[in-house]
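All chains, full assembly: derive it from the sequences and hints.
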Amino acid sequence: MWIGTLIYGFINSVILALIALGFNLTFGISGVANFAYGAFYILAGYGTWILINTLKIPFVAAIVLAILSTMLIGALLYRVVLLRIRGLVISEVIATFGIGLAILEFFRYLGFIGFEYTLPVFIDGSLSIFGTFVDYQRLLIVGIGCLLALFLWAFTHYTKIGLAFRGIAQEERTALSLGINTDWIAMLSVAFGAGLSALAAITILPLGTISVEGGYDILINALAVCIVGGLGSTGGVILASFLIGYAQMITSTYLGPHWIMIVSLVAILTILAVKPSGLFGKQKELEERI
Amino acid sequence: MHIRKERIDRGIKARTEDIFALSSGWDMLYLLAPRVVPILLLIILTFTVNPYWQKVLISAAIFALLALSWDLLACTGMVSLGQGLFFGMGAYLTGIMNHYFHWPLILTLPLSALFGGLISTLLLLPVLRLRGIYFSMITLVLPLMLVRIIEATRIFGGTEGISGLTPFGNRWIELYLSLGVAWIVLFGLRRLHTSDYGLILRGISDNDQSVMSAGINIYWYKAQALFIAGSIGAFAGAFMSHSYMFVGMPVFALDYSILPIASAVVGGMGTFAGPMLGAFILVPLSELLRGLGGLRIVIYALSLTIFIVALPEGIFHYIQRKYQQFERRVKVDRDS
Numbered sequence: 001m002w003i004g005t006l007i008y009g010f011i012n013s014v015i016l017a018l019i020a021l022g023f024n025l026t027f028g029i030s031g032v033a034n035f036a037y038g039a040f041y042i043l044a045g046y047g048t049w050i051l052i053n054t055l056k057i058p059f060v061a062a063i064v065l066a067i068l069s070t071m072l073i074g075a076l077l078y079r080v081v082l083l084r085i086r087g088l089v090i091s092e093v094i095a096t097f098g099i100g101l102a103i104l105e106f107f108r109y110l111g112f113i114g115f116e117y118t119l120p121v122f123i124d125g126s127l128s129i130f131g132t133f134v135d136y137q138r139l140l141i142v143g144i145g146c147l148l149a150l151f152l153w154a155f156t157h158y159t160k161i162g163l164a165f166r167g168i169a170q171e172e173r174t175a176l177s178l179g180i181n182t183d184w185i186a187m188l189s190v191a192f193g194a195g196l197s198a199l200a201a202i203t204i205l206p207l208g209t210i211s212v213e214g215g216y217d218i219l220i221n222a223l224a225v226c227i228v229g230g231l232g233s234t235g236g237v238i239l240a241s242f243l244i245g246y247a248q249m250i251t252s253t254y255l256g257p258h259w260i261m262i263v264s265l266v267a268i269l270t271i272l273a274v275k276p277s278g279l280f281g282k283q284k285e286l287e288e289r290i
Numbered sequence: 001m002h003i004r005k006e007r008i009d010r011g012i013k014a015r016t017e018d019i020f021a022l023s024s025g026w027d028m029l030y031l032l033a034p035r036v037v038p039i040l041l042l043i044i045l046t047f048t049v050n051p052y053w054q055k056v057l058i059s060a061a062i063f064a065l066l067a068l069s070w071d072l073l074a075c076t077g078m079v080s081l082g083q084g085l086f087f088g089m090g091a092y093l094t095g096i097m098n099h100y101f102h103w104p105l106i107l108t109l110p111l112s113a114l115f116g117g118l119i120s121t122l123l124l125l126p127v128l129r130l131r132g133i134y135f136s137m138i139t140l141v142l143p144l145m146l147v148r149i150i151e152a153t154r155i156f157g158g159t160e161g162i163s164g165l166t167p168f169g170n171r172w173i174e175l176y177l178s179l180g181v182a183w184i185v186l187f188g189l190r191r192l193h194t195s196d197y198g199l200i201l202r203g204i205s206d207n208d209q210s211v212m213s214a215g216i217n218i219y220w221y222k223a224q225a226l227f228i229a230g231s232i233g234a235f236a237g238a239f240m241s242h243s244y245m246f247v248g249m250p251v252f253a254l255d256y257s258i259l260p261i262a263s264a265v266v267g268g269m270g271t272f273a274g275p276m277l278g279a280f281i282l283v284p285l286s287e288l289l290r291g292l293g294g295l296r297i298v299i300y301a302l303s304l305t306i307f308i309v310a311l312p313e314g315i316f317h318y319i320q321r322k323y324q325q326f327e328r329r330v331k332v333d334r335d336s
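Sequences listed follow chains G and L, in order. When you line the first sequence up against this note's numbering, it's residues 1 to 290, in that order. When you line the second sequence up against this note's numbering, it's residues 1 to 336, in that order.
What the hints contain is simulated information worked out from the structure, not anything from laboratory work. It is possible that part of the hints are untrue.
What the hints assert, rightly or not - In silico SDA-like links for lysine to any residue, alpha-carbon gap of 20 Å or less: (1) G:Lys275 - L:Arg129; (2) G:Lys275 - L:Pro126; (3) L:Lys331 - L:Leu125; (4) G:Lys275 - L:Tyr219; (5) L:Lys322 - L:Pro126; (6) G:Lys275 - L:Val127; (7) G:Lys275 - G:Gly214; (8) G:Lys275 - G:Phe242; (9) G:Lys275 - L:Gly132; (10) G:Lys275 - L:Leu125; (11) G:Lys275 - L:Arg131.
Unchecked claim - Just a few of them, taken from the derived set where beta-carbon distance is under 10 Å, the chain G residues facing chain L: (12) Ser91; (13) Ala102; (14) Phe106; (15) Tyr216; (16) Leu255; (17) Ser264; (18) Pro276; (19) Leu279.
Stated by the list, open to error - Covered stretches of chain L, as calculated for chain G (at least 3 residues, CB under 8 Å): (20) 138-152; (21) 284-298.
Every residue gets a Cβ at the ideal spot worked out from N, C-alpha and C, and that includes glycine.
Here is the structure:
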């Protein structure tokens, strides 16, 4: 029993990390809290579904297409909307929240509700670890999550764009004076965040069905992990996803699945009330509380 | 020679917001008209429309109250993404008082406004220190969490809600109570805003540190603003649940959080009259669009985004500027 909780808790934690990495990337670099994140996730899910089932495009091509188009939409969101209100935090939040709401509710209006809306698993089958059956999809998620974390680390440390990302995260004006086009890099960060949300959607959604409510849950989970870990700190996000992941798994086992989202919400509330920069965040104290 | 548009402030507008130099009855009328004409129009409207549209007016007044309470918070530097918290708090309190204790309507409305404001303030008291986006996130999360808790613990009727609350009985009382309260709150808040007290609240939003260094306890003022806004929101919730005779999980729904923000942004933040105007535009509009079903919330959300990007000052600021200025075409030299 407890080995099962341990294994599934681990998988749940990796899922949370996958969900939160994109949100964290965007916020950590450009300082834009992308409240349309959950909507991008669901958009990528439904997009892939439409590509596979309506347009009959091969699976791999559909995945690539979905990720690229979500990135494009993210870039457009920055170019068309966010660029004009950059720095006005509240306007950013309201605008992205509005866009996210519009996307999600538009899918509800189109009638995308039901069990048939699910993505295919990459490889079918399952395997037994210490007497607990784990399907290949979940193992793949763990693999992809670990690879992605490594890739992001390498990307932000050893490539030119990655270094520019970190540059504008640290001090935007100085980065500008060193010849980094901050608007362009910030746009890329929003696009990359959207792309990561699409990647997360395509790997995680085969475990369940795609639903509009899922979009709100994804946003809350991403927020919970990022806030607990500290907005903008990648190491914190990974640790926080394990904290929340295991907390969710334990409450779900002992109290029932209704309580899963409450764990995230309570985590957000307590951390914001006690230490808003998160457990490992290095944000400026005065910007968040007085 | 070149024609250019020239704008001049009207003479009676003195330097401050609430002192005017009046010299004739016409000047008086000029000030009175924007305050009285909307009320008269609304009263005429209540007698000319059918009962269905009277209901729409009621719900416009309710959303106007929520938008006003949002605007008060925003003026104090607390941008809330969850007016549903106040709304739901008032609704559930009135539901509990009416259904479990069988208290009459005349008692439940003021009591749930009072205690709804109080409980919301107490809930948010630990996070009063938070600024900007961090406070917004808390307010976004709280109503969502309360819904999940009600769903998980099945208290207060759980997913079914509480139905069979006392209705108002007379639709004219219902209509004029909602409209009256909305206008009283509007004028009250506008008066409050120009007083010294309102100056402190505005100061907190502009620069909280300088208000602190003036020796003013900003947390106390923030808590008071929260209580006022919370009570207004809770009254709206209580009123709505008596009007629908039902309280349930939908009272914490996103509609009650997003529509007030949309009204305030469309109407013009920081003026109180703007959010009111916004609510009286958006709610009937959404009623006209009822045939579109779920598309309505898409339209709100998009209009919210468009306004905040393209016309962040809102309709009211625009109208106000036009009303208080002459515009005329003058000839100017090209080469100057």
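Against the structure, the hints:
1. Straight-line distance between C-alpha atoms of lysine 275 of chain G and arginine 129 of chain L comes to about 11 Å, which keeps the hinted pair within the 20 Å bound.
2. A hinted pair counts as satisfied when its Cα atoms are at most 20 Å apart, and lysine 275 of chain G with proline 126 of chain L qualifies at roughly 12 Å.
3. A hinted pair counts as satisfied when its Cα atoms are at most 20 Å apart, and lysine 331 of chain L with leucine 125 of chain L does not qualify at roughly 59 Å.
4. For a cut-off of 20 Å, the pair hint linking lysine 275 of chain G to tyrosine 219 of chain L stands: about 18 Å separates their Cα positions.
5. A threshold of 20 Å between alpha carbons decides the hint, and for lysine 322 of chain L with proline 126 of chain L the separation of about 43 Å lies outside it, so the pair is violated.
6. Of the supplied pair hints, the one linking lysine 275 of chain G and valine 127 of chain L holds, its CA atoms being roughly 10 Å apart against a limit of 20 Å.
7. Simply put, lysine 275 of chain G and glycine 214 of chain G have alpha-carbon atoms about 28 Å apart, too far for the 20 Å limit, and the pair is violated.
8. Our distance criterion of 20 Å between C-alpha atoms is met by lysine 275 of chain G and phenylalanine 242 of chain G, whose separation comes to about 19 Å.
9. For the hint pairing lysine 275 of chain G with glycine 132 of chain L, the CA-to-CA distance comes to about 15 Å; that is within 20 Å, so the pair holds.
10. For a cut-off of 20 Å, the pair hint linking lysine 275 of chain G to leucine 125 of chain L stands: about 15 Å separates their Cα positions.
11. A hinted pair counts as satisfied when its Cα atoms are at most 20 Å apart, and lysine 275 of chain G with arginine 131 of chain L qualifies at roughly 13 Å.
12. The closest approach between the C-beta of serine 91 of chain G and any C-beta of chain L is roughly 5 Å, which is under the 10 Å cut-off, so the hint is satisfied.
13. With 10 Å as the threshold, the beta carbon of alanine 102 of chain G comes within range of chain L, its nearest partner Cβ sitting at about 4 Å, so the hint holds.
14. This hint holds: phenylalanine 106 of chain G has a C-beta 5 Å from the nearest C-beta of chain L, less than the 10 Å allowed.
15. Residue-level restraint check for tyrosine 216 of chain G holds (minimum Cβ-Cβ distance to chain L is 8 Å; threshold 10 Å).
16. Here the hint on leucine 255 of chain G is kept, as its CB sits about 8 Å from the closest CB of chain L, short of 10 Å.
17. At about 9 Å, the closest approach between the beta carbon of serine 264 of chain G and any beta carbon in chain L falls short of 10 Å, and the interface hint on this residue holds.
18. With 10 Å as the threshold, the beta carbon of proline 276 of chain G comes within range of chain L, its nearest partner Cβ sitting at about 5 Å, so the hint holds.
19. For the restraint placing leucine 279 of chain G at the interface with chain L, the shortest Cβ-Cβ distance is roughly 15 Å, beyond the 10 Å limit, so the hint is violated.
20. Only residues whose beta carbon comes within less than 8 Å of a beta carbon in chain G count, and the stretch 138-152 of chain L has 9; three or more means the coverage holds.
21. Counting residues of the stretch 284-298 of chain L whose CB lies closer than 8 Å to any CB of chain G gives 6, which reaches the minimum of 3, so the coverage claim holds.
Checked against the numbered hints given earlier, this structure breaks hints 3, 5, 7, 19; the rest are met.
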